[in-house]
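Residue numbers (our numbering), protein chains in the order written: chain A, 1203 to 1528; chain B, 335 to 633.
Incorrect hints may have been included.
As the list claims (entries may be wrong) - Okay, derived cross-link-like pairs now, DSSO-like style, lysine-lysine, Cα gap no bigger than 30 Å in a straight line:
id, chain 1, residue 1, chain 2, residue 2
1, B, K610, B, K382
2, B, K615, B, K359
3, B, K627, A, K1452
4, B, K368, B, K382
5, B, K351, B, K610
6, B, K382, A, K1514
7, B, K382, B, K474
8, A, K1514, A, K1526
9, B, K344, A, K1401
10, B, K382, A, K1505
11, B, K539, A, K1349
12, A, K1452, B, K344
13, B, K337, B, K618
14, A, K1505, B, K474
15, B, K351, A, K1349
16, B, K359, B, K344
17, B, K382, A, K1349
18, A, K1349, A, K1317
19, A, K1452, B, K351
20, A, K1514, B, K474
21, A, K1401, A, K1349
22, B, K451, A, K1401
23, A, K1452, A, K1365
24, A, K1349, B, K543
25, B, K368, A, K1514
26, A, K1365, A, K1349
27, A, K1452, A, K1514
28, B, K539, B, K627
29, B, K451, B, K368
Keep in mind that the hints were calculated from the coordinates and are not lab data.
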Amino acid sequence: MIPRSILVIGISGSLAQKTVGLLLEKYPNATIRGIDARPLPPGFGPNERLQMERIPYRRNSFERLFRDHRFDLVLNLGRFSHSQGHTPKDMARKLEFSVIGSRRILDLSLKSGVKKAVTLSTFHVYGALPDNPTSISEEMPLRASLKYPDLRHVVDMDNVVAKWMWRHQNAMDSVVLRPCNIVGPSIRNTISRYLTHPKAPYPMDFNPMMQFIHEHDMANVVAGASELLPTGIYNVAPPGGVIGLRQALKAMGNEGLPIPFFLAAWPLRLLQWPRLRVPGYLIDYLIYSCLIDSSLLHRHLPKDFFRYSVEKALQGLREASTKKRL
Amino acid sequence: MEKIGQLYGKLLESLEKEGNWAREKLDRLGLAGKPCDPWGLDPAYCLKTLRLLAPLYRQYFKVRVYGAHHVQDRPYVLVSNHSGQIAIDGLLIFMAMALDVDHPRIVRPMMERFMIKLPFVGEASLRLGGVLGDRQNCIKLLEEGQSVLVFPEGVRGVSKSTSEFYRLQPFTRGFFRMALAARKEILPIAVVGAEEFYPFVYQAKGAAKRLGLPALPITPLFPWLGPLGAVPLPSPIDIHIGPPIPVPEELGEDAPNRDMDACVLEVKRSIGGMLKAGLKKRRKFIDPKAFLKNFGVGK
C-alpha cells in the first residue's frame, strides 16, 4: 500500500521524527500530520507536506482529528517513557493512554477508513527471565507483567492491540512492531542513558546477551511497514546483532562500575537508580538475556535492508555521547 | 623444605606441560577470533578456561576416554548418566569432547534453570557453552550443526545418596524428542568415577525443598567446612562413549510416548551396559603413590 495521507502519533519523539523524514523522502505525494501532547519539535521547519499539532491525548481530540482529516496510514509511535512516573496516579494514566487510548485509535482508524495502522511496542513485553529461550518468537507469551508492574501498561497495550488486530484483520491491515533496544545519536531512551553513563553499574556476576538496532534502521522498518509487512506481529532486530552487556559497555568506551548484582539487585530496585533514571525492572534485563527472533520480519524485508551492525549502532551512540560531553 | 620446593617446581612444570598439551589440542577447534554466539558461548573465554582446567582434567581426575573412535565429525545428541552431586561430570565430558577425540567440538551442555540463576556460576557456564535446558533452544542448536549434551536423569541423577550410586534413575523422554525433531544420532556416554567425588552422601530432601534448592547433599565435609567441603575428591574418571544410536526413521517428532519408550530404554540400556563394564575396570579411588608419581616424586 502506498500511503497518501499519514498520521504520526508521538511526533516529538526522536524515532518518529526520523520516520517522518524517511516517509517524506519515500512518498513524495504523501502528506503527513504529526501530533503529540508534548512540545512540538522545531527541527523540520515549514513544510507544506507536514503539519504538526500539539493536542492533549484525550478522546475528544482524537475524534476531532479523525473527523477533520482522512488518513490511510496511522503510525502510533507514542509511548510513555518507562523511566518516568511510578506513582499509582502515573501508572493509571499510563495504563489509560496506552491500553484504552491505543484501542480507541484503532477503532477510530477502522471507522474512518484507514487502510493500515502500525503500533510500536517493545521487546520488554517478553520479560527478562532465567528460563527465556535463546530466541523468543512472536508467539511466546508476554511475561513481563508477571514480575514488573512498571511494564503492565506496555504488556496490556500489546495484548489489546494484537487481539484487535486479529479480530479486524479482514477489515483493516495492522502491524505491531516489537523492536529490541533502539540506540542512535538522537534517541534518549533508558538503555541509551544507561550505556552512556560513565559510571553505569553492571553485573560482575552475569553477562546477558543483548540486541541493539540503530535508530535509522528502526525508522526504516516503521516507514516501510505499510508496503512491506502484512498484518501481524513482528519482532524487530538486525540479523546477527547480538553482543554481551560487558562487551556493549566496552564498545561504548565505558568502563562502568562492576558490582555483584546478586547482592545489589534488590537495593538498586528499591532506589530506582534516581540519578540514572533507570527503572527497577531494567535490572533483570541486565541479568538475564531477552533475545528476540526476528526471522519473520526478515522474510518480508529485502536482504540488504539493515544498514547498521550492532557495533556500528553502538558506535553512533558513543559518538553522539562524546559530542554532547564536549 | 627442599622436598616441598622440589614438589612445587614439579607442580609448576606439570601445569605448564598440561597447558601446552591443551593449547595444541584446542587449536583444532578453530575457535580463536570468533565472536560470542547468541546462546552466550564466548570462544576466547572458553579456550582460556579449557587451558586452565586441563591439568585438573588430566592430573587431578585423570580422565580416560574409551570409545573416542565412535565420535565422527557431525552433530550428536550426547546422552549421559548424571552423578557426583555437582555437575562436574558435565564439565569433564565437555572437556573430553574438546580435547580427547579425533573430531573435537564444543558440545553444548543443557543446564537447569537453577544454574542460570546462580551468580558467577551461571555466567561462566553460559560463556563455556552451556544452554538453558529448553527443547526449542537445543533443537535450534542441533539444526545449526552443534552437539548438545543431555542428562535425562536430571537432578534425580546427580543428587543420589550413597546407597543409590551407579543406579540409573528414570530417563525423561525430552532428549529423544529433540533427536527426532532434529533427526540427529544419539551418542550414549557413561561416566564412571564421579559418584566417588563425595563418597558418603545423604540427601536432605526435605530441607532442600524448604530452601527452594534442587538438592542438598550432606557429606562428612559439606556443609560443615563451607565451600572447602564442596571440593570434590580426586576420584579417577573413565568416560565411555558408545556407538551412536540412530533415531528410527518411522518415528516423527510428535510420536506417542508408547512408541518412543522402547527407544529411550535402548539408550538407557546402552549406558547401563557401559556403566557395568566400566565399573569392573575402574581404577583405585585414592592411590597416593600414583598421585605423587605424577609430579615426579617417589618411585
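Status of each hint after checking the structure:
1. B:K610 <-> B:K382: violated (35 Å)
2. B:K615 <-> B:K359: Distance of about 27 Å is within 30 Å: holds.
3. B:K627 <-> A:K1452: violated (46 Å)
4. B:K368 <-> B:K382: holds (14 Å)
5. B:K351 <-> B:K610: Judged against 30 Å, a Cα distance of about 34 Å means the pair is violated.
6. B:K382 <-> A:K1514: Cα-Cα ~28 Å, so holds.
7. B:K382 <-> B:K474: Answer holds: B:K382 to B:K474 is near 26 Å, not above 30 Å.
8. A:K1514 <-> A:K1526: holds (18 Å)
9. B:K344 <-> A:K1401: violated (45 Å)
10. B:K382 <-> A:K1505: The hint is violated at about 37 Å.
11. B:K539 <-> A:K1349: Answer holds: B:K539 to A:K1349 is near 29 Å, not above 30 Å.
12. A:K1452 <-> B:K344: Between A:K1452 and B:K344 the Cα gap is close to 40 Å, so the pair fails against 30 Å, i.e. violated.
13. B:K337 <-> B:K618: Holds, at about 26 Å.
14. A:K1505 <-> B:K474: holds (22 Å)
15. B:K351 <-> A:K1349: violated (50 Å)
16. B:K359 <-> B:K344: holds (22 Å)
17. B:K382 <-> A:K1349: violated (37 Å)
18. A:K1349 <-> A:K1317: Given that 30 Å is the threshold and the Cα spacing comes to 36 Å, the pair is violated.
19. A:K1452 <-> B:K351: This hinted pair is violated, its Cα atoms lying about 34 Å apart.
20. A:K1514 <-> B:K474: With Cα atoms ~27 Å apart, A:K1514 and B:K474 stay inside 30 Å; holds.
21. A:K1401 <-> A:K1349: Roughly 27 Å between the alpha carbons, so the hint for A:K1401 and A:K1349 holds.
22. B:K451 <-> A:K1401: holds (25 Å)
23. A:K1452 <-> A:K1365: violated (41 Å)
24. A:K1349 <-> B:K543: holds (23 Å)
25. B:K368 <-> A:K1514: holds (18 Å)
26. A:K1365 <-> A:K1349: It holds: about 22 Å lies between the C-alpha atoms, which stays within 30 Å.
27. A:K1452 <-> A:K1514: holds (13 Å)
28. B:K539 <-> B:K627: Judged against 30 Å, a Cα distance of about 41 Å means the pair is violated.
29. B:K451 <-> B:K368: At roughly 26 Å apart (the allowed maximum being 30 Å), B:K368 and B:K451 satisfy the hint.
Against the hints set out earlier in the document, violations occur for numbers 1, 3, 5, 9, 10, 12, 15, 17, 18, 19, 23 and 28.
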